[in-house]
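Colleague: Sequence:
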Amino acid sequence: MNLHQPLTVLPGVGPKSAEKFTRLGIENLQDLLLYFPFRYEDFKSKNVLELEDGEKAVISGLVVTPANVQYYGYKRNRLRFTIKQGEVVLAVNFLTNPIWQTKWRLVQPFLFSGNGIKQKRV
Numbered sequence: 001m002n003l004h005q006p007l008t009v010l011p012g013v014g015p016k017s018a019e020k021f022t023r024l025g026i027e028n029l030q031d032l033l034l035y036f037p038f039r040y041e042d043f044k045s046k047n048v049l050e051l052e053d054g055e056k057a058v059i060s061g062l063v064v065t066p067a068n069v070q071y072y073g074y075k076r077n078r079l080r081f082t083i084k085q086g087e088v089v090l091a092v093n094f095l096t097n098p099i100w101q102t103k104w105r106l107v108q109p110f111l112f113s114g115n116g117i118k119q120k121r122v
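Taking full-length UniProt numbering, the leading residue of the sequence shown gets 1, the next gets one more, and so forth.
None of these hints come from the bench; they were simulated from the model.
It is possible that some hints are incorrect.
To be verified - Pairs of lysine to any residue, SDA-like flavour, derived with a Cα cap of 25 Å:
no., residue 1, residue 2
1, K44, K75
2, K75, I99
3, K56, I117
4, K103, P37
5, K103, V88
6, K75, T102
7, K16, P37
8, K75, W104
9, K56, L95
Take these sequences, add in the hints, and give me the full structure.
Modeller: Shown next, in the form of structure tokens:
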């Protein structure tokens with residue numbers, strides 16, 4: 001299959017659909033394969049030491065402490081545990097259902113996505 005063929009060679013893509021793709025700047029198969037949406041998010045795991053304060057990122061790490069649920073108020077709880085990425089130890093907090101406490105196993109790798117907050121220690 002030639003990547004410079006028009007999109008109409010694909011099953012289910014007719015002239016009307018091809019016109020909609022053209023409005024996005026997608027005119028051939030190569031354009032379609034290399035197209036990234038406006039709000040594209042990179043889901044590659046990043047090193048914690050390279051993150052900026054408040055940056056949304058995906059990190060990987062091993063769970064090193066058991067998950068603990070803290071209750072505060074009616075139907076309000078926080079799930080906390082610690083992960084390790086290389087030599088860096090991080091606290092992970094979720095505002096979630098306590099049933100998730102049993103899902104995190106020690107020394108098992110996980111991927112986490114969210115906004116990071118660096119705490120400055122004096």
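Colleague: Now look at each hint and say whether the structure bears it out.
Modeller: To see whether the hints hold, each was checked on the structure:
1. K44 <-> K75: With a Cα-Cα distance of about 34 Å, the restraint between K44 and K75 is violated, given a limit of 25 Å.
2. K75 <-> I99: The given pair, whose Cα atoms are some 13 Å apart, holds under the 25 Å limit.
3. K56 <-> I117: Status holds; Cα separation ~10 Å.
4. K103 <-> P37: The hint is violated at about 33 Å.
5. K103 <-> V88: holds, 22 Å
6. K75 <-> T102: Between K75 and T102 the Cα gap is close to 18 Å, so the pair holds against 25 Å.
7. K16 <-> P37: This hinted pair holds, its Cα atoms lying about 20 Å apart.
8. K75 <-> W104: The hint holds at about 21 Å.
9. K56 <-> L95: holds, 17 Å
The structure fails to meet hints 1, 4 from the earlier list, while all remaining hints are met.
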